[in-house]
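As given, the protein sequences belong to chains A and B, one line each in that order.
Per the numbering used here, the very first residue in the first sequence carries number 825; after that it's consecutive.
Per the numbering used here, the very first residue in the second sequence carries number 409; after that it's consecutive.
Hints listed in this document are in silico derivations from the structure and should not be mistaken for laboratory results.
Just so it is clear, CB atoms sit at the ideal spot from N, CA and C, and this is done for glycine as well.
A few of these clues could be false.
Unchecked claim - Pairs of lysine-lysine residues, derived as BS3-like cross-links and limited to a Cα-Cα distance of at most 30 angstroms, are as follows:
1) B/602 - A/1112
2) A/1112 - A/1145
3) A/869 - A/1122
4) A/876 - B/602
5) B/602 - A/869
Unchecked claim - Only part of the chain B face toward chain A is listed, based on derived beta-carbon distances under 10 angstroms:
6) 447
7) 462
8) 474
9) 617
10) 620
11) 627
12) 629
13) 760
Unchecked claim - Take a look, some chain B residues computed to stay more than 12 angstroms from chain A by CB distance:
14) 436
15) 444
16) 577
17) 584
18) 600
19) 613
20) 614
21) 634
22) 640
23) 647
24) 655
25) 695
26) 767
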Amino acid sequence: MTTDIGKFKHDSPMSGVLRMDRMPHIWCPGCGIGSEVNAFAEAVKRSGIDPKKLVVVSGIGCTGRVAGYVDFDSIHTTHGRAIPVATGIKLANPELTVVVFSGEGDLTGIGGNHLIHAARRNMDLVVICNNNFTYGMTGGQVTPTTPTSAIASTTPYGNYEYPFSLPFLADAAGATYIARWTSMDVRNVTQSIEEALAHRGFSFIELISPCTTLYLRRNRLGDGVDMLQFYQENTVLKHGCDTRETAIDYQGKIVVGKFVDKAKPTYLEAVDKCAVKLVGDDYQLYGKTIPEREAEEKAEKARVAARRAAVLAAEQAASEKVVVKKVATKAPVKKAAAKKPAIGRAVPAAAAKKTPAKAVAKTVKKVATKAPVKKTAAKKPRK
Amino acid sequence: MDGDHAIAEGALAAGCRFFAGYPITPSTETAERFAERAPEVGALFIQMEDELASIAALIGAAWGGKKAMTVTCGPGFSLMVENIGLAAMTETPLVIANVQRGGPSTGLPTLTAQQDMMQARYGSHGDYNIIALTPDSPQECFDLTVEAFNLSEFYRVPVIILTDETVGHMHEKVVIPPAEQIQVVPRNNYSGPKADFRPYQFDSQGGHPMTQAGDGYNFHITGLTHNERGYPVMTAEQSKIVITHLMEKINGNADQIIRLDEDQVDGADVVVVSYGITSRIAVKAIQDARKEGIKVGYLRLITIWPFCEKRIRELAPKIKAFVVPEINYGQMVHEVERGAGGQCATISVNHCGGAVHDPEVILDAIRKANQ
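With the rest of the complex left out, here is chain B (with noise of 0.2 angstroms):
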């Protein structure tokens, strides 16, 4: 099974039953699997008219009580940023698939990127934090879309799962275990008193209740600046409540989010710090490396968004140099930088799309690094 359809299979066995979505290539595979699907496990799809409407039918299947997914890539990822913004200010659970293509604009519509690492991030407007998983394998597309339902609605915030053209496209064995061994965080929805009733918690680690509309507590949720009522309340005061907890949500419990892939990192001297499809380029780089002697860590980031920022400043003193590779221009690159904080040299090895690296350049980057 390729990448994109694991995505789907991934999708159904954490529970979502609405499916919004928009075709784009390399990621409407995800669309028609789950199309297909839909009729024999009860679940519904709809094809909306762009993107915009697909992002925002999630919104409001989530707060109809589903678990709700859509798929796309750069451009329409693009157009879907808005109501990224609605979903993280209102706290609603929902998984978006970014299975990325080349840029900017319509770009390389069939070949590989990474270019929308920051765009996951902070492509809405305003201070917001959300949480996104880069996974490098049909399995782990599998694996980690039920991984994102599980924290998105823990936390109640949009995940993104950032694949690219490589892995969505790529066919390989994927093990769909029974449902009894998946673990899965089902809707947990409000049903104390009326009068307790809030939508949200401004103090909350994860883990407070969604409603469900029709269960008889009239909420009212509003993109702008409210209260724990979710009522309007447009002041600075306000906004400093609400800011600092989506972004300590997020924050305060990175720790708990983040999941990181690790091999000889400790002892060594330079370490490959990959993510997606360029990890297991670099997987070869980092042997060969090995074979001439130099002391290569690997560090693949499971978990881009939030960072492993921690990780990385522990590591920096101790090694030479964190070595990059991205098909971006450089995205990534800048976090590791930020995390080295000058204590070791950080070298990008970036590629402007349209293919993956060649594990020579990420070879010649290592060696570089060990000088």
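Looking at chain A on its own, in the form it has when it is part of the complex (with noise of 0.2 angstroms):
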């Protein structure tokens, strides 16, 4: 028996996100990539971005082929320069949300100097990266992040490197938004690629993944579903953690949340100041004033928080379809989860900022967007 293909490319959810034209994809099964890049396409359609104004880039290796399957402008660059590419585009056409999707090996290994810069000068790019302790396409290397003892094609008595704690690294050099999930928490990972796409300023979140083919077979830990049991029971849940405190040892504990959000001025508004001081009020960037660079700014907000309203409106008139038929088995779910407001803490705070006090929007969002992180959490108390 042959599936349809073509039925499936044309009548997926995910068309006009997903370069359907370009299915199947190369990720092998039980790979977490496939969905981060749901999570991501979803958090993008939820987000209100104007899909035109989205541009993905990524590096080499297997996250690196993120960019050739959505339907966004994008670039797939060499190995190691896709920050410094986005950095580019970002500071040629300010208005455009520009996000990075690659590999630990790639952003952290080969582009690790360029992750480091992009932070410390807040550069204002969301940088999504897939950390499975290998290097995939290549067959299995070890990586900056593989946990000392960890087998790999080339540490085969085990790895007796220190490896990178990403999330640390990414606070000392600068970041002013950093979170750290595994490619299980796909709601989380949604909910956190949403902040990050409204921050402004440098985000980074570490999405850590099973390698069925290379990493979990090299290292006898079963297959994916074995490993999305093990971050089920080795996940714990500390949002505004220390970074000092998300090193991952090797089958150690996982510490996951959102560790950093906070203000800084991004490098193109330091950029601003700084000109103003020297050219005056007149001062052009490409040929526009700040005030009117503010001004399609705040416009371009406004179509944003509208179509969010939008999308999340639509999605709360089909949840309330499925609660009236079900409101016996749905209502204890929702109490139960109201009980614990910290899980879902990240939302409201980035996205009160952003949306305009529409009573309805507000409503729609906390329905919509708190209760299914709280379902997950409810199933799976965490510490």
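Two chains, two frames, a set of hints: combine them into the complex.
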């Protein structure tokens, strides 16, 4: 029996976000990148961002192929250079939202210098780093994040190096939004990416993900499902955790959550500030004065908020239909969730800033974004 | 104004509004000039963390819709070559100035050389093509930077300005014409229907439009071998199509691209082929040789890549020898020899860098060539 790929492509809810003409993708069964991309696509839809104004840049490797599958302006660059290419796009065209989606080998190994410098400058980029502890595309070599003692093809007797803790690295370098999740925490991943898309400045999201074909097999850790089970049992949710305490030991606990979310002038804001002092109020960048650019940004923000409200309202309408049918089963979940406000903390903080105080939109957001997160939380209590 | 500053002014005149660079002697003055001028003209300057990042940022900026350039010299250029390949592969217009100093390695940081001629052409791996121009004065640094942008925009190819420490640091009068008198090829962005959008056209002889991120065409570009839609197609057949296109859009238009400066070449017995600062030294040797009654022609390569092999082939049967002085161990001389195809002698007047030639050495070579 064969699957009708054509029909699947046509009917997919992801068409318009993913390049369905490029499916099927190259990722292995059980790999976490697929669900991360799904979460990313979902986050983009819900963010209200104009898809025309979104650019995705990847480097080289398995995660480096993300740029080839998303239906936005996208660039598949050389190994390690996704961040500087993204920097060039952002600075050349500041109205764009620029996302770097790549792997830990690409971003923190060969491209590590660019990561720390973009963070230092608070360059207004979203960096999503798939961390699977391995160079997958080349056959499973050790990376800068492979936990000590893990087996890789180039550490056949166990890794004897010390790994990076990426949240700590990003924090030390100056990133202003830092979160870590596993590829299993799809809703948290989605929510975190949504926040990062709205965040001004350098956002870094680390996504711990299973490489079934190489890392898991070589370390005899089972398959993708076993690793999801492992994540379920070994992730520790600690919002605001000191990034010095986020190191990952081999098969040890994985601290997840949003660790940093702070405001600081971005690179371009700093450029503007300096240039205005020098040139005066008629300072222009690419022919536009600061008030002109601010007015454009404000108008775009309003459009983003309206689109976001519409998406969330549609979601709400859809979920209400379900609720009417299953009032009895749904209600207790929501109640239980309401007792643990800390877990959903991330959403209102960032969202309230951006969305105009429309009562409807706010309510919708609470229901739509909070409830699912709490549902997950309710299922697996974390410390 | 010195040559380095003239490059920055030429870039601004050509409409360059994005500069990413990393300090390296003897090219830094260009970056400094651009950084100083940027706020006045609404351009953006960023000092990146290294040359790898500088060239990568240019590629991003070019697809972000801006004309972009960087400046460096040998060690920095070595770091850039991988992404020059990406720019060539993705047909990204950008300009790189290499103010050459002596190498190899750290070599002679503050002293002149012309040792990166072959690196400029062949530095990155794989088959690709670029255009390179060799100014011999600060005025030409200005003029050729404008031309570099024009060629880069039209052929969608990285263009390299191969100058040297001497020209870079030489102060001479530079005339900057009023803006309306400067011919500038503007960025040509696609604006047709989305269904017909193709980031590449593999039979294009130049003029295929770029696309600007944010215009809604959802372009995809990759360093992988790709089709006209920009999607990866990794087959031998596609590789033939892509590589043939990358090579031939330059080779096939060499006559339009190449600019030469000639004096008394027709009827000459000896032709001195030179470029950059060395051509100014050669002038003295040629004048002295002519006083001795030797019929010497002067052929200066303004466009160094693509190489003017057609002109060399035309001249070879009519003369006794080409004399090729250059501040390296002999690089372009091989191209001249190849073009001459054994129909006349080719004499290399090499120099290992750190200074320009003594004109007397070139004169000696001309005398020998005339025997």
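Comparing the hints with the structure gives:
no. : hint            : in the structure
1   : B/602 - A/1112  : 28 angstroms, holds
2   : A/1112 - A/1145 : 47 angstroms, violated
3   : A/869 - A/1122  : 20 angstroms, holds
4   : A/876 - B/602   : 12 angstroms, holds
5   : B/602 - A/869   : 21 angstroms, holds
6   : 447             : 4 angstroms, holds
7   : 462             : 8 angstroms, holds
8   : 474             : 4 angstroms, holds
9   : 617             : 15 angstroms, violated
10  : 620             : 7 angstroms, holds
11  : 627             : 5 angstroms, holds
12  : 629             : 5 angstroms, holds
13  : 760             : 33 angstroms, violated
14  : 436             : 19 angstroms, holds
15  : 444             : 10 angstroms, violated
16  : 577             : 27 angstroms, holds
17  : 584             : 21 angstroms, holds
18  : 600             : 16 angstroms, holds
19  : 613             : 25 angstroms, holds
20  : 614             : 23 angstroms, holds
21  : 634             : 9 angstroms, violated
22  : 640             : 7 angstroms, violated
23  : 647             : 17 angstroms, holds
24  : 655             : 21 angstroms, holds
25  : 695             : 47 angstroms, holds
26  : 767             : 44 angstroms, holds
Checked against the numbered hints above, the structure breaks hints 2, 9, 13, 15, 21 and 22 and satisfies the rest.
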